[in-house]
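Heads up: the protein sequence lines correspond to chains A and B, in order.
With the working numbering, letter number 132 in the first sequence gets 226, and the count goes up by one each step, no holes.
With the working numbering, letter number 212 in the second sequence gets 1424, and the count goes up by one each step, no holes.
Calculated from the structure, these hints are not laboratory results.
Check each hint, because a few of them may be wrong.
Said to hold, decoys possible - Chain A regions said to be covered by chain B (calculated; three or more residues, Cβ under 8 angstroms):
#, segment
1, 161-169
2, 217-229
3, 333-343
This structure is a prediction, so every number in the text was calculated from the model and none was measured.
We put the beta carbon where it would ideally sit given N, CA and C, even for glycine.
Listed below, chain by chain, are the residues.
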Amino acid sequence: MPQSKVRDLSAAVDLIDSGSSVALGLALEHAIPFAAGHELIRQGTDDLTLVGPISDLLFDQLIGAELVETVRAAWVGNVSTGTGYNFRRAVEEGNLDVENHSNFSVALSLKAGAMGVPYLPTRSLLGSDVFAESERFREAEDPYSGDRLALVPAIRPDWSIVHVQRASPYGDAHFWGNSGVTFEGVDAATETLVVAEEIVDPAVIKSDPSRTTITGDSVTAVAEVPYGCHPSPLAGRYNRDNEHYVDYAERTTDRAGTAEWLDEWVHSVPNREAYMERVEKDLRPTERTVAAEVEYGR
Amino acid sequence: MDGDAYTDRELMVAAAAREIDDGDVAFVGMRLPLIAFQVAVSTHASNARSVFESGVVRDTPADGFLHTMCDLPNLDRAVSTTSMIDIMSRLQRGDIDVGFLGGAEIDRYGNLNTTRVASDSGSVRLPGSGGACDIACLSQRTVVLMAHEPRRFVRDVTYNTSPGHGDGGDWRERESVAGGGPDALVTTKATFGFDDGGELYLESLHPGVDFDDVVADFPWDLRTAADVTGESVDRTDPPSRPVLDLIREFDPDGFWTR
Chain A
95 MPQSKVRDLS
105 AAVDLIDSGS
115 SVALGLALEH
125 AIPFAAGHEL
135 IRQGTDDLTL
145 VGPISDLLFD
155 QLIGAELVET
165 VRAAWVGNVS
175 TGTGYNFRRA
185 VEEGNLDVEN
195 HSNFSVALSL
205 KAGAMGVPYL
215 PTRSLLGSDV
225 FAESERFREA
235 EDPYSGDRLA
245 LVPAIRPDWS
255 IVHVQRASPY
265 GDAHFWGNSG
275 VTFEGVDAAT
285 ETLVVAEEIV
295 DPAVIKSDPS
305 RTTITGDSVT
315 AVAEVPYGCH
325 PSPLAGRYNR
335 DNEHYVDYAE
345 RTTDRAGTAE
355 WLDEWVHSVP
365 NREAYMERVE
375 KDLRPTERTV
385 AAEVEYGR
Chain B
1213 MDGDAYTDRE
1223 LMVAAAAREI
1233 DDGDVAFVGM
1243 RLPLIAFQVA
1253 VSTHASNARS
1263 VFESGVVRDT
1273 PADGFLHTMC
1283 DLPNLDRAVS
1293 TTSMIDIMSR
1303 LQRGDIDVGF
1313 LGGAEIDRYG
1323 NLNTTRVASD
1333 SGSVRLPGSG
1343 GACDIACLSQ
1353 RTVVLMAHEP
1363 RRFVRDVTYN
1373 TSPGHGDGGD
1383 WRERESVAGG
1393 GPDALVTTKA
1403 TFGFDDGGEL
1413 YLESLHPGVD
1423 FDDVVADFPW
1433 DLRTAADVTG
1443 ESVDRTDPPS
1453 RPVLDLIREF
1463 DPDGFWTR
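Just chain B, same shape as in the assembly:
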């Protein structure tokens, strides 16, 4: 790809990288967040660390492409290669600032499903939670990354694999769900926040995306920044040239990002 053109997924990686603050400990799952961390630590967040449920702890980008967190370049020059109990205990202690999640379905309070969905022919079995339930329960905040498809936005998730804000309000507190819950959603069309009641709202549209197209994908009246903060819906910043260069350095064949 030439010039400053970029793919939807490259923009998602750039947006996800912005969610990692300098000094954060980020729980980095697979795919796009894995690249987002490497971008963040190479740009604005040189003091960030990443932890992986496999046991890996890193504070620098890997020297080589990563299909998974267990590829040798991710183990080489890691800070530590420890165990899952160690990593999950950090999460349970409240030491993870931001965790990344994906999902097949999301509802208006950010509850996520990766276990099974209903289809015309019955029930479709998906791979399951992995560490997602734990990250959703225990991270200080979570950021959700998801392809923007109408079937993914549902009134009620078929199975609540990774609890968000439940049915809204102080649900997490009432249900003794420890962490802070979903704080942002980044899709292939837009970015979203969660208001004080835990409800999803539209924050910014990606360049070239129409407001009506986004709103039409939701089976409920989607709140927007105008409803929540009184400010208008922004345009998402496109990835800068240096960030694009980094994404293509970390994913040279575009396995995850094209």
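Only chain A is shown next, with the shape it has when bound in the complex:
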């Protein structure tokens, strides 16, 4: 029988060393592992390199907590309001290195890492300053057709942190809803932390293997954290808390406001239960929509 990889969240996040590269927010505005990110802030895990496509608020919070040295991303901000003030301030003050990507170049970087190849070619990027100003992307001629292509080198993060609906203690996980670059991120990373709404019996996972999108052999640790994505949504479980995004934007325009916000929502809350006590809204789906039954047979 495989060994359980279950840890509580703080012990799991404690495995991530300062100086690590960490991929986060891989399903875009969906399933962002905020609880794990907040634990990184509480533990003061610093000198981080963050990797992701549209990172939304979690990158801005980690940057505001002064834990980030480098960002390799396509977009950093607040999807509801635009600007991420901590990101903007850190770049303008010269305190953050940014490797500018497009969403596809982040996806291809992780896909190359996941496939174990050094790079992948694309027809995107050519003609843009995302390409022209990059020290990483290269132009190459397709040896078959002679076409010009952009080459995107692999990224292999030290860690990927992903949030799923349910996982077995072994790290085999069901995830549904849009996935962005979640699976590429898991396969590219050396270590993966799976945060699950629910840890379930392995028989539940095996009842629907087509939904098993992460297998335990890629997973280092599993932590159970209900509502671990708030304020982002998780398919079937809870919707987006948009007011939280708007409130964050209004309160974090300067350093002092950010410090207050982090104190209220991160430092003074020891865990996710305490955090969720502060969220008064009911974000559960207003209507259950259950998929048709699937049969496998033998």
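Here the structure of chain A is known, so what remains is to put chain B in place on it, guided by the hints.
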């Protein structure tokens, strides 16, 4: 809002919806295009589909307001909730008919900047490309939506996040930029096309907007429909009553459109 009065952004949504043809596959980013697709598929384009870089593929309006493409109503009754590699590969294959873009700056050839702009105090960092560079490079055609402010129309974009027609002519072909590039610009004052050389020209003024006010916002001699097609500059059709009703159904509190 009562009667047939409408906001600038409601008019932009209506104009954007007209850019989606029946049967199109539209790459729908965030904000106004998200609503424009829902209007289009509810009116003249019932066979259109939308794809989102998050992985969502839809062919019907969402049953509920969307702050983002990943809100649960957008996942509920979607055709598919897949991955970014899947969606971007459709784009790279040339399967996306129309993509929507926004930007902080645009130049006369439709190059767009969403990465950084110059200011009196130095450089201002913006959120970046997201999927915009990919949509700009690879869609069959793109439609740009933008607030009409003079500072956004520049001779040269500070950073070319999303390539348009480069420096004009056959630039995209020369530079191996695959898709067709910008085909229309819709602002809060007017609509614009791009001529055969890839240069922006004024096509129609929104109701109540003066020609001189629009032209004054551009730091170059703006071409007009008269220069390009020989026809006069039109008036943009206002949103019809049914279209306005739909926009307000999809954005009941006016979060994006008021």
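Results for each hint:
1. 161-169: Satisfied; 3 residues make the cut.
2. 217-229: Held - the segment 217-229 of chain A has 10 residues with a Cβ nearer than 8 angstroms to chain B, which meets the minimum of three.
3. 333-343: Result for this restraint: holds, n = 4.
In this structure, none of the earlier numbered hints is contradicted; all agree with it.
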